[in-house]
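Given chain A, put chain B in place with the hints provided.
Note that the protein sequences, when read in sequence, are chains A and B. Residues 1 to 454 (my numbering) make up the first sequence, in order. Residues 1001 to 1193 (my numbering) make up the second sequence, in order.
Note that these hints are calculated values from the structure, not bench results. Hints should not be assumed to be uniformly reliable.
To be verified - So the derived list for chain A, only partly shown, Cβ under 8 angstroms to chain B, looks like this:
hint, residue
1, E36
2, I53
3, G54
4, P55
5, D66
6, I69
All figures in this text were calculated on a predicted structure; none of them were measured in a lab. We treat Cβ as the ideally placed atom computed from N, Cα and C, and that holds for glycine.
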Amino acid sequence: MKNISRVLIGNRGEIAVRIIRACRGLGVESVAAVSEADKDSLPARMADRAVCIGPSRSLDSYLKIDTLITACLGTGSDAIHPGYGFLAEQPELVEACEKYDIRFIGPTADNIQQMGNKLWARRAVEKCGIPTIPGSEKVKDVKAATAMAEKIGFPVLLKAAAGGGGRGMKIVNTPGELKTVFDALSAEVLSAFGDGTLYIEHFIPNARHIEVQILGDDFGNVIYLGERDCSVQRRYQKMIEEAPSPVVSDKLRKALCEAAVTIARSIKYKSAGTVEFILDQDKGRFFFLEMNTRIQVEHPVTEQITGVDLVREQIRIADHQPIKYSQGNIQMRGHAIECRINAESPFSGFSPSPGRIERWKTPLEAGIRLDTHCYPGYIIPPFYDSLIAKLITTGADRPQTIVRMQSALHQFTVTGIETNIPFHQMLLKHPDFGNGKISTRWLEDVVLPNLRSA
Amino acid sequence: MRSNNGFMPPDNDEIIEILNLVNESDFDELRLEMGGTKLVFSKHAVASSDQTLEPILKGAPAQVEIKQPIPVEKLQDVGTETLTPTDIPPKEAEAKEAAMIEGEGLIPIKSPLLGIFYRSPKPGAPPFVEVGSHVTEDDTVCLVEVMKLFNTVKAGVNGRIVKICAKNNEMVEYNQTLFLIEAEESTEGSSAP
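This is chain A alone, in the form it adopts within the complex (with noise of 0.2 angstroms):
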């Protein structure tokens, strides 16, 4: 079988950047496909070739399956790389690939649909023996809901099955506040993701969010390159991510990883992927709660601390080569941290801000990564999400992590723009933060209420 040789990246911004950056790495032409809005965007000129595939909107470009695959055909792709978001774990795309023979860099169909529905993924992981959080397969109307609730205790978290990246779950904390919440969000889960279905499960208070970063291929090699903390979240959007995690002991570490790996062998999974965990602290127990299909913003943390490019190894992996590590020569040394940087302004509301960036001073000092697509003078256009860069430090340890990434954001100027960083700035002089006490409610129950006090 020929080998990959133009790589088409069905995406943009700092992902487009990324899979550019590896695919020279690989000696891999790539072919950035843009809407209107990014023709003159930094991915649009790395690449070897750019193409315009549709108006700005992304429902109208990034978001066309067969525009996407004419694309490919018409500049000689052999491969389409779809990054993160959009249809990254659209099942369709990568069976459109199948059928005109172009590689699909990331798991097969069969993986994202396993993983895509929640109860299925549920069910598999069931029934490899690893605990799934107390709750209901499916709550069919309110009474089932209030007859489950007091089975596994409130407070309780009602989520769509269909949903996803915190979109449409609610906790509820009493027995009456259900029949509402039931109603309300059963209604907007329908008309988001055309099916009305909830399931129910026990609300973890104190948790943190712990995942696991693997790679399988097709020859069923499954290793895992160590767990991600991404437990600062607002919204359930992550904000700081960090490998390894403070709370995980070699012990725990070791028990999560297994975990991952047996849950992806047992749905043959290839490709990059991240088998997402709770962890109760109270309780010191671990359980499962979704697989993500797909190479993930945060990925840059792992690669920090393994030496592994995952983007890169994702290619190979669709180019039917094995892994390139075993799990026997994969080590983790040191610590890094992730900021996400938002175009947004955090303290009103975390409203996005685009516009133009007028001044863009980047930290340049040891340890220091930054994946961006932004420069001086670009226009963040309206109609995207309001991620600009990822400001990633690397140390020894994490106290030296924390001190490079309070003086990479000191020195990270950006102006004409609003962003987030002076909130990266607060958090991470946080005392909870600096000693590595929050769960995934911190940032919204003890850091914003005294934000708006202040």
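Positioned in the frame of chain A, the structure of chain B alone reads:
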């Protein structure tokens, strides 16, 4: 397009801002000279008697007719589509094409989507149009195919095909110029530029 005496020519955002200010004002016309750049904005179709205007924006006419305020989405379109970051020069080919179109008063027919460009309704059939063909606005000039779905592209104006800019059976991008048309007088007397 740096000016020769230290003044920076206004960028798209600034031009749009100026346009809005003129539009909201009671003035009919504004002339602005900054460095080597001359801008004339007029609320009427033709600015009075200045023939030496230099187009500033690639692909944009030198005279801008404003009868209604520009809606916000339109402004965003302009901002994101035609604005070139300060540190990177505009793509030469595009600038050349734009200059040619303006210079000769030709109108581009652009592809409504990315797909494969077909000049004929089916293989072996004669093309919809050739160079020199006269078309009316509803005439089909080509097909653009995406995964077996054929989209017809209409001329959009009455005129004569002057140039065919894309190759048959090859991929064209969204908004790529497919044909250049020389507009001809129509009987309906639509508003000419």
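Hints and how they fare:
Nearest Cβ of chain B to the Cβ of E36(A): about 6 angstroms, under the 8 angstroms cut. The hint holds. Taking 8 angstroms as the C-beta cut-off, the interface hint given for I53(A) holds, the closest approach to chain B being about 5 angstroms. With a least beta-carbon distance of about 5 angstroms to chain B, the hint placing G54(A) at the interface is held under the 8 angstroms criterion. For P55(A), the interface hint holds, the least distance from its beta-carbon to any beta-carbon of chain B being 7 angstroms, beneath 8 angstroms.
The beta carbon of D66(A) is positioned within 8 angstroms of a beta carbon in chain B (closest approach about 4 angstroms), and the interface hint is therefore held. Taking 8 angstroms as the C-beta contact cut-off toward chain B, the hint placing I69(A) at the interface holds, the least distance being around 6 angstroms.
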